[in-house]
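2 protein chains.
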Amino acid sequence: MSASFSIQDHNRTLPPQLDVPPRLLLGPGPSNVHPRVLSALSLPAVGHLDPYFLQVMDEIQGLLRYTWQTDNPLTLAVSGTGSAAMEATLANGVEPGDVVLVGVMGYFGHRLVDMASRYGADVRKLMKPWGEAFSLEELREGLETHRPAILALVHAETSTGVRQPLEGVGQLCRDYNCLLLVDTVTSLGGVPIFLDQWGVDLAYSCSQKGLGCPPGASPFTMSPRAVEKLENRSTPVKNWYLDMTLLTKYWGEQRVYHHTAPINMYYALREALQLVAEEGLKNRWQRHLDTAQLLWKGLEEMGLVCHVKEDYRLPTLTTVRVPEGVDAKAVAQTLMKEYNLEIGLGLGELAGKVWRVGLMGYNSRRENVVLLLEALKQVLG
Amino acid sequence: MSASFSIQDHNRTLPPQLDVPPRLLLGPGPSNVHPRVLSALSLPAVGHLDPYFLQVMDEIQGLLRYTWQTDNPLTLAVSGTGSAAMEATLANGVEPGDVVLVGVMGYFGHRLVDMASRYGADVRKLMKPWGEAFSLEELREGLETHRPAILALVHAETSTGVRQPLEGVGQLCRDYNCLLLVDTVTSLGGVPIFLDQWGVDLAYSCSQKGLGCPPGASPFTMSPRAVEKLENRSTPVKNWYLDMTLLTKYWGEQRVYHHTAPINMYYALREALQLVAEEGLKNRWQRHLDTAQLLWKGLEEMGLVCHVKEDYRLPTLTTVRVPEGVDAKAVAQTLMKEYNLEIGLGLGELAGKVWRVGLMGYNSRRENVVLLLEALKQVLG
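Here the protein sequences line up with chains C and U, keeping their order.
The letter at position 288 of the first sequence is residue 288 when you use UniProt numbering, and the numbering goes up by one with no holes.
The letter at position 37 of the second sequence is residue 37 when you use UniProt numbering, and the numbering goes up by one with no holes.
Treat the hints with care, as some may be off.
Each pair may be met inside one copy or between any two copies, as identical chains are not told apart.
Said to hold, decoys possible - Capping the alpha-carbon separation at 20 Å, the derived lysine to any residue pairs in SDA-like fashion look like this:
1. Lys282 <-> Ser6
2. Lys249 <-> Tyr107
3. Lys125 <-> Pro96
4. Lys329 <-> Tyr250
5. Lys249 <-> Gly97
6. Lys297 <-> Pro21
7. Lys282 <-> Gln293
8. Lys377 <-> Val331
9. Lys282 <-> Val370
10. Lys282 <-> Arg12
11. Lys282 <-> Ser4
12. Lys377 <-> Asp327
13. Lys377 <-> Arg321
14. Lys125 <-> Leu299
Derived from the structure by calculation, the hints contain no laboratory data.
Whole structure, please, built from the sequences with the hints as guidance.
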């Protein structure tokens, strides 16, 4: 067989055994994974059409509905990381020529703009300084001016630490006959979300932040209004892997093969969601708030300033202003090197100006705050 | 916080503890995962820009080059399952209006047609009955007639068990000035592949077959010729998540954040590829062939017939004709129920006509063949 070709060995390297450093991940994500989730991850694989696996998929759907506070039948996990789920909302929600109005108040707003434009949207932007949120009146004016088919907002802007209030926005979108698309990547499982009561039509998240799971399987949901638009598209979805008209046949009763699901990642996501249901949303949201408030108080005592005012501050992710004359990157590197502690640097407009501290999912615990504050004191001298 | 909304508990179900059945996965994939790979999978997470993780990414790239027998600098893992990597070749390789000639000899050829059309290709098809392969002369005639920008072929057609010979095809594609795109989903790590010596320009695979890893991180590579086309595109890549102009800035020296990689899946893939390098391609390919030949001999002794003639038969995946009067699905269900043994059913044109037996990666072992043959004997009576 192929006798005329010879095997080349110059790329046959044997790296040493995997020896992962014991990091405490207090950056913008991934966060450390709950031990029960890691155990679930390494359970033996089964087939993607195995009755047992189909049951796991059903359980993921149900638990996701609880965690997001939605009854959307079309609620599932996308077989990729959060950005894939983000792209899925646009690939399925946008038809070429649709006006998509994006509220840009940070890095991930810009990403929505980029993605929407690739699917042929006529993208309009509402802009806000990095660290602020849109008021309901500003959003109303934007809808009045642009009359979009979709309004896209970031509930938890990972680049700034801002929580965008969403109360009343769904009603506005109904008044202006548009769909409401919301990024909940850094809020799901850590910050109050009421998708149905807020009237959200398209939402996505990730697994590695508030859910305390590794990255690789990402929550996605569409309201019946958004599904109706999908079913009446005049053009096919321009993305096969994320096409919900095909994926719903696998996740739904028909069980038609689409692609091989990332089996072990789904075990992990199911376990992570079960931990949410066991703790209960009320307790979980309170835990995230309590831990964050401990951090905010400690930072204040050290004379450090949070970039976002408390009303709009995310419990899951805090941006801390870098004091005058301090090298943000050098501090983060020292924390990593001497304490195995990861925090995030600023992105985009906030590069060099803030650190980003995540206290999410399994990591939202008092002892992590105490260690971080003390390590930061030592490094800042 | 959000005091005006109340938490709904009707979706707060608590499913029982995960209790995965002990399946032997001898279908078309996923296959059982090597224990060392499962261990790697559940190592603690680190950040996607952690120096340790960047080193793991480099090691994946090097080991993938060995496994595929290529020196392509652009060799990496896509953060999704095999179909995502398949879509990545088309999203990056195709510009709207490009003629793409697809050799369709089974289900996955049709999938290439579907995907290419979503990226605006002018798709042409060369058709072959399910169970046969294209001759070099047939491919030459196709190129002469259609003058495509890309010729897309499936090296290992998972729906039929056919191995498409590729010797000489790369030269033909150079003669006709087109790129050669090859699906190696069911061949990588189990069947001889010489990407560079064959002159392949775009290739993809999956992790859960010949590599013995869970699904969720998928090999992708582009030759310098294909990269040149990418760099000279007149339109942006119509898929953000799979855009190689962005992904190469993360996998390359710049280390610019694109998306959060599926950290634990990459540990697993690295370990799986290291197992390939330890065993060596020559031994690994021979092991797959030996195990397959044992199966073929046993099937013949039982009076069962392989659907593909031996010259083009894949060692990784065998299609077995269902005897007259036997209910294919009932047999598969009995094997699953009574023996915890999964085999695959026929797809498309071969539905009801064949079973699909995979002996891939960690599962390509004598004892699995012995068990399958004996169980099949008992079930067929």
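Comparing the hints with the structure gives:
no.	hint	in the structure
1	Lys282 <-> Ser6	between (63 Å within a copy, 10 Å between copies)
2	Lys249 <-> Tyr107	between (34 Å within a copy, 17 Å between copies)
3	Lys125 <-> Pro96	within (17 Å within a copy, 27 Å between copies)
4	Lys329 <-> Tyr250	between (45 Å within a copy, 19 Å between copies)
5	Lys249 <-> Gly97	neither (27 Å within a copy, 30 Å between copies)
6	Lys297 <-> Pro21	neither (30 Å within a copy, 49 Å between copies)
7	Lys282 <-> Gln293	within (16 Å within a copy, 59 Å between copies)
8	Lys377 <-> Val331	within (11 Å within a copy, 67 Å between copies)
9	Lys282 <-> Val370	neither (24 Å within a copy, 54 Å between copies)
10	Lys282 <-> Arg12	between (52 Å within a copy, 12 Å between copies)
11	Lys282 <-> Ser4	between (66 Å within a copy, 14 Å between copies)
12	Lys377 <-> Asp327	within (15 Å within a copy, 71 Å between copies)
13	Lys377 <-> Arg321	within (15 Å within a copy, 71 Å between copies)
14	Lys125 <-> Leu299	neither (34 Å within a copy, 64 Å between copies)
In the structure shown, a violation is registered for the earlier hints numbered 5, 6, 9, 14, in ascending order.
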